[in-house]
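Here the protein sequences line up with chains A and B, keeping their order.
Everything in the first sequence is counted per our numbering, starting at 1 for the first residue and increasing by one.
Everything in the second sequence is counted per our numbering, starting at 1001 for the first residue and increasing by one.
Since the hints were made in silico from the structure, they are not lab data.
A hint or two may mislead.
To be verified - Quick list of in silico lysine-lysine cross-link-like pairs, BS3-like style, CA-CA up to 30 Å:
# : chain 1 : residue 1 : chain 2 : residue 2
1 : B       : K1043     : A       : K207
2 : A       : K218      : B       : K1043
3 : B       : K1043     : A       : K213
4 : A       : K328      : B       : K1043
5 : A       : K178      : A       : K361
Said to hold, decoys possible - Some, not all, of what chain B presents toward chain A, calculated at C-beta under 8 Å:
#  : residue
6  : V1045
7  : Y1046
8  : R1047
9  : G1048
10 : A1049
11 : Y1051
From the three backbone atoms N, C-alpha and C, an ideal C-beta is built for every residue, glycine too.
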Amino acid sequence: MNPVFFSVGLDVNPQTLDPGSTAWMLAASALVLLMTPGLAFFYGGLVRMKSVLNIMMMSFGAIGVVAVVWALWGYGLAFGPDTMGGFIGDPFANFGLSGLASVIGGKAPGLPDMVFIGFQATFAIITVALISGAVAERVRFGPWLLFAGLWVTIVYAPIAHWVWGGGLFGPTGIIGSKISALDFAGGTVVHMNAGMAGLMLAVVLGKRLGFMKDPNIKPHNLPFVMLGAGLLWFGWFGFNAGSELAADGIAALAWTNTLLATSAALLGWLLVERLRDGHATSLGAASGAVAGLVAVTPACGFVDPIGAIVIGVIAGAVCALAIGLKFKIGLDDSLDVVAVHFVGGLWGTLSLGFFAVPSAKTEGGLFYGGGLTQFWPQILTALMVTAWTAIMTTLIGLAIHKTVGMRVKEHEELAGIDITEHAETAYELAMVGGSFNPGEPQNGKTPLSSSGDQEASSNGKTDRMRSKAST
Amino acid sequence: MKLVTAIVRPERIDEVREALERFGVNGLTVSQANGYGQQRGYKEVYRGAEYNSDLLPKIRVEVLATDDLVDGIVDAIISGASTGQFGDGKIWTIEVYQAVRVRTGERGASAIS
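Looking at chain A on its own, in the form it has when it is part of the complex (with noise of 0.2 Å):
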């Protein structure tokens, strides 16, 4: 790294807290957990109006799990000490945080462990509320809650601790003593493993109703996706620049490159729609522009601003071409967390084998004198990261698939799964008729989903949603 960045903190004793970086990293941490709702918006906006509250509330329950997960034994398992020769932490040693409330110091210089905690706990919710998004509109609520809690643990929390917790990729790692990966914010941690989670819980639940051939399948709200859009922006500067974990130039630098790989990756994908359907449209931009931050998240404080400004053009470009991909090989994912986020991931992480600035860390990429040496390390994590999420999702997905179930059931995706699974409808569309029972809710289910003798009321209630929908 560039010795002028480094000025904070170094002459002081680490378990001085520093008021600055504590600071930015309080901030920092709020934005980050912001960028799940701002997903919420994004995704929400991507499926049909009968759908809209269930794939927000996928996001806002895997805050709601991830969350308490984490504090009682997710973090441990991340960052806890070493154990098991790098491949987890020890969950025990801090259960339930228990002796972290007044450390300073513990994982970065002059930061309080816990603000280090919460901000390594945004993350893993976000992970979790991405992979919804290849799944949507047909996954029960309670089960999907369940596959949060575990994902975390089994699939999250090992990959967190080899590459950021000090595990197999750390300096003292198994792997990490030998070559050297980087991953500034989360490339292959976040992005690659939600996109491969999401490719493969995918299979394992099988297709929407009517994919590929029911015209009402598309988004139903654009102003909503370009809202989560711009949520997920302005949180992905304390995703990103965060991730120095100090205020200082590297979290500077992160935060330009975020900024030009993102606006880069909007052009680059608008470009590509241009030239192959006639339009840029604004769901190419707002989709340009998560695929830049996606892309940038590994690489944003190992490059400079040109090669940030590369690498979003190219992830733009890339993304928009590998998004029919799904169509050819008949996989509904549904909200194209493959095509973003896992290919998005992939570029990033290995743009920095042509891209990193040479520093203590690296001796650069490819265009930057390294030669090659940045480039394995780069495929080897990935590969690694890519394995592990794909044998333990699909493990994880068919434990609860084939026991409690996942999918809801065929009547209740055609009726809508708002409706069925909580009872709720996003938009007042008849305003005609019916009754109110205050303080007396009927228990269990909707009457919607409870029988076969409905089938012609919720029949009659998705004719109605799709009239509407497409006026």
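For this one, chain A is given, so just place chain B on it according to the hints.
Then chain B, alone, in the frame of chain A:
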């Protein structure tokens, strides 16, 4: 008594309404409609995937009229709605058995005047 129903372009509804007002019609009903005739639907593209919509958004205008005014009303609608292109719409007229003004209970011609 007749019911004149017209399907017109959404962007022409203001002209239709003004033409009817000039002719002296002081009440009408407007609703959103979807359909197609010789003008077919349109194409949308989301993330590179093409969606073809068969149905175009239209406006349905309904006017109750005494028999002597029907021809003038139809002409007024045509003058407001016509562009000469496919998709200008249709107008049809049907016989109405009875009309009632709810507030007063008046029936027949005085209910719609």
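Right, here's what the structure says about each hint:
1. B:K1043 / A:K207: Holds, at roughly 25 Å.
2. A:K218 / B:K1043: holds, 13 Å
3. B:K1043 / A:K213: holds, 16 Å
4. A:K328 / B:K1043: holds, 21 Å
5. A:K178 / A:K361: holds, 13 Å
6. V1045: holds, 5 Å
7. Y1046: Since the shortest Cβ distance to chain A is 5 Å, the answer is holds.
8. R1047: holds, 5 Å
9. G1048: Hint on G1048 of chain B: holds, closest Cβ of chain A at ~5 Å, below 8 Å.
10. A1049: holds, 7 Å
11. Y1051: holds, 5 Å
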